[in-house]
Each structure stands twice: as structure tokens, then as C-alpha cells.
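So the protein lines, in turn, are chains S and C.
Counting along the first sequence from 1, when you hit position 172 you're at 568 in our numbering, and nothing is skipped either side.
Counting along the second sequence from 1, when you hit position 177 you're at 1545 in our numbering, and nothing is skipped either side.
It is possible that some hints are incorrect.
Pulled a few chain C residues facing chain S out of the computed Cβ check, cut under 7 Å [as the list claims (entries may be wrong)]: (1) Glu-1374; (2) Thr-1383; (3) Val-1386; (4) Ser-1388; (5) Ala-1389; (6) Val-1392; (7) Ala-1396; (8) Gln-1399; (9) Val-1405; (10) Asn-1408; (11) Ser-1553.
Below, simulated BS3-like cross-link-like pairs (lysine-lysine); rule was C-alpha separation at most 30 Å, straight line [unchecked claim]: (12) C:Lys-1372 / S:Lys-519; (13) S:Lys-519 / C:Lys-1373; (14) C:Lys-1486 / C:Lys-1521; (15) C:Lys-1521 / S:Lys-456; (16) S:Lys-462 / C:Lys-1372; (17) C:Lys-1442 / S:Lys-492.
If you are wondering where the hints come from, they were derived from the structure by calculation, not from laboratory data.
Quick reminder that beta carbons are idealized off the backbone N, C-alpha and C, glycines included.
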Amino acid sequence: MSPARKIMKDGLWTNNPIFVQVLGICSTLAVTNNLRNTLIMVLGVTFATAMGSWTLSLLKDLIPRKVRMIVQVLVLSFYVIIIDILLRAYQPAISKQLGPYVGLIITNCILMGRAEAFAAANKPGASFIDGIANGLGYGWVLVCIAVIREFFGFGSFFGIKFMGEGFTPWTIMVMAPSAFFLVAMALWAANTYKAKAEAKKKGTK
Amino acid sequence: MKLKKESIGYVIVFTFVVCSAFVVLLAAANQITLPRVKANQSYASHYAVLKALDLAGPETSKAEVESTYSSQVKELPEPAPGMAAYGSTIDGAAYVAVKITNPGLWGPITAILAADPKAERIRGLEMLDQQETPGLGGRIGEAWFTDQFKGEKVGSDGKVTVAQGSGKGDPDKENSKVDAITGASRTSDFVQTLVAKALATVKEIGGSL
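Okay, chain S solo, but in the shape it has when bound (with noise of 0.2 Å):
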């Protein structure tokens, strides 16, 4: 497997940041109750953690060990203040709906967690990849968790409804419970998969 590669599964499932590394989970409670603001966070994730990545990687020789936190949340809130300011002036609908979500992204254990782990010991194009592989790999287990509390809390996908008007919503749904149990859910299954399917691999070996 070429490195590259071999990043991409290890953010997307071998050390997915959520299911292995389990970071990230104040966000996923927050906003996995809808979709779009749901695919919003990620994207926002993704684009942070990876120009993070990247700029801390570039500066990892300058940057003095007894320092290297504190100029890891700069560089990390910095790209989060740019995304907030850009959709301020561009997205005024979106900036406003999302609110308080943008600044939160910098409070996401991904970000902090892959320019400690992997920013600080590799390559500038690496570390892109490793905080793409990674902003993903969150993205897509959120994505299946607010697919389940949208549909189950509002009775619509995307915000558009098509349950009938008889659907009673699940208000435990909407509210950050159900996403503790969720989450839960989908940490014991990803991980009873994975022992299964390394206990074959040492059974076939």
C-alpha cells in the first residue's frame, strides 16, 4: 500500500479518529441532530485539521518543544477564525444558522490530537492528508449518526420531511442523549467487527 494509502484507511477506519482514537465526541453530540449542520461541521473539521497539519508540520523545526501547544492552538484557531470570517462575509445563512458551532470546532480533540500525534513527527504533504483521512473518518460516522437522529427526531433527511403527519418525533433524538447512545452503539459494533475480523486473520495465518 502506498503511504498515502495507507493514511487514508488509518483515518477512514484502522484508527478512525472517533471509533478508535474516540476524539471529537463533544462535537458529535452537538450536532449530529441535523444533516446539513452535521455535513458543515465536518467539512469545517476536515479543512482545519488538515491546513493545521499542514502549517504545524512546516514550522515543526522552528517550533521550541516547551511552546509547540501553544503555537499548536494558534495556528489551530487561526484556520477556525478564517472559516467563520469567510462565511460571515460569503455565507451570511449558513454563518448565521451555525452560530456558536464554527468557533466550537476548535474545542475538537481531532484537531489538537493529529497535530500532536502525527503533524509533529511528519512531512507537510502527510500531515494534509493525515488531517483530510481524519476530518473524514469523523465526517463519515457522523454522517450515520445524523442520518438516524434526523430521521428518527424530525421525521426528515436534509430537512425535508417525508414522514406523514401521524410520525410522532422522537424528541430524545434531538436532544444529545440519544447521540451518547449512538455513539455507543457504534463503538461497540466497529470494535466487535474489528477484534472479529483480526481474530480471522490470525486464525487464517
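Given the coordinates of chain S, work out where chain C should sit on it, guided by the hints.
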């Protein structure tokens, strides 16, 4: 010469340079986009005023909003610092709209409320800015919630009660009551206070017209 990366001097200079560089970039981006952001904000405010007066809806185009605003809405003197007031005559009836900012759960809520000058019946309510809990209190901006205020009769105490109901919206326009948001009773309380305050201001302005 090899730089001593861990020396105090290097750490201070490095941190200073990096911080300055990124801050300058951010400040520049902010400055460059400022006129656009300002224009967006003034458009959002115009649209919200028209929406509260029931003169515009989601399908109204941007140009229509601006032309209706300049022809139909008269900006009145500020009732208090940070507030704004608007007057409009629709089908022969006068209306007063006020822009009001009041505390919410996480941050201030800014809304526009339109009513008749005596503040007896609400014309409309539109949220302009709020930071309530997304998915819960944040739903005060959604149409099903704000639409409940459209045509709602104001109680004799100058209030419209926001209280728990079916959670689907209260269709009765005469009971001075709208449905609160399930799971967001604090935010609902804040909206009730904001509406009462806005109505008092409308009455004050309406009395002096």
C-alpha cells in the same frame, strides 16, 4: 550557527513572531471582509423587520426586500441606546416594530417585534441573533415557534405567556399564550421577558406617535 531552540530568548522571540504573524493575517482578513459583513448585517436587519411586519417571507428576493424596506418602513428615533424602532402603515393600519436585545441563556437574544401602536395584538416576531443551545433553545429561531406570535392577542398584563403545551405550536390566537420549546424552559422564559419588554416599548412609542 545552530539556533538554541530551547533557550529562553529564542522561545520568547519565536512565540512573539508567530503570534504577530497570525494575528496580522486574521486582522487583515477581518478588515477586508468588513464591508461585506456590514452589508450582510444591514440586509439581515432589514429582512427581519419586514418579516416581523409580515411584508416579506423566505421567497422574497434580496432586491425586493431592499425596495420594500425603503418604501414601506420608516426608521423612528431610537427609544433607548442599543434599540431601534420602525414605523409602517400596512393596508391603512399603523404598526410599530422594535429591535430589542435582552439576555438569553448563553448570550443576548436580539429580536424584532412588531405590533399595533397600542400593543394589543402582535403582528410578528423575528429572531435576529441568539446563541441558545443548538437543537433545543436554538429552535426559537424556527418558523413554527415565531409564527405562533403572529396575530397573538396580548394579555391585559401586557404579556404573552410562553408555557409548556403540545410542543407543536399553539393555534389559539386569543389566549395570549404560545407553546414553549420542550427541553428549553429557561430559554422560553427569556423569550417571554423579551416579548413583554418589547411590547412595553411599542406601547410607549405608539402612545407618542
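Results for each hint:
1. Checking C:Glu-1374 against chain S by beta carbon gives a least distance of about 6 Å; that is within 7 Å, so the hint holds.
2. Evaluation of the C:Thr-1383 hint against chain S yields a held restraint, the C-beta minimum of about 5 Å falling below 7 Å.
3. Against a cut-off of 7 Å between C-beta atoms, the interface hint on C:Val-1386 holds, since the closest Cβ of chain S lies about 6 Å away.
4. Because the closest C-beta pair between C:Ser-1388 and chain S is about 11 Å apart, greater than 7 Å, the hint is violated.
5. For C:Ala-1389, the interface hint is violated, the least distance from its beta-carbon to any beta-carbon of chain S being 9 Å, above 7 Å.
6. Interface hint status for C:Val-1392: violated, as the beta-carbon distance to the closest one in chain S is roughly 11 Å, over 7 Å.
7. For C:Ala-1396, the interface hint is violated, the least distance from its beta-carbon to any beta-carbon of chain S being 10 Å, above 7 Å.
8. Of the supplied interface hints, the one on C:Gln-1399 is violated, with its beta-carbon coming no nearer than about 10 Å to a beta-carbon of chain S, more than 7 Å.
9. Proximity of C:Val-1405 to chain S holds as hinted, the smallest CB-CB distance being about 5 Å (cut-off 7 Å).
10. With a least beta-carbon distance of about 4 Å to chain S, the hint placing C:Asn-1408 at the interface is held under the 7 Å criterion.
11. At about 13 Å, the closest approach between the beta carbon of C:Ser-1553 and any beta carbon in chain S exceeds 7 Å, and the interface hint on this residue is violated.
12. Only pairs whose Cα atoms come within 30 Å are accepted, and C:Lys-1372 paired with S:Lys-519 is accepted, the gap being roughly 22 Å.
13. A C-alpha spacing of about 20 Å is found between S:Lys-519 and C:Lys-1373, which places the hinted pair at or below 30 Å, so the restraint holds.
14. In summary, the hint linking C:Lys-1486 to C:Lys-1521 is supported, as the alpha carbons are separated by about 12 Å, within the 30 Å threshold.
15. Between C:Lys-1521 and S:Lys-456 the alpha-carbon distance is near 64 Å, which puts this suggested pair outside the 30 Å criterion.
16. Our distance criterion of 30 Å between C-alpha atoms is met by S:Lys-462 and C:Lys-1372, whose separation comes to about 13 Å.
17. The suggested pairing of C:Lys-1442 with S:Lys-492 holds, with an alpha-carbon distance near 26 Å, which does not exceed 30 Å.
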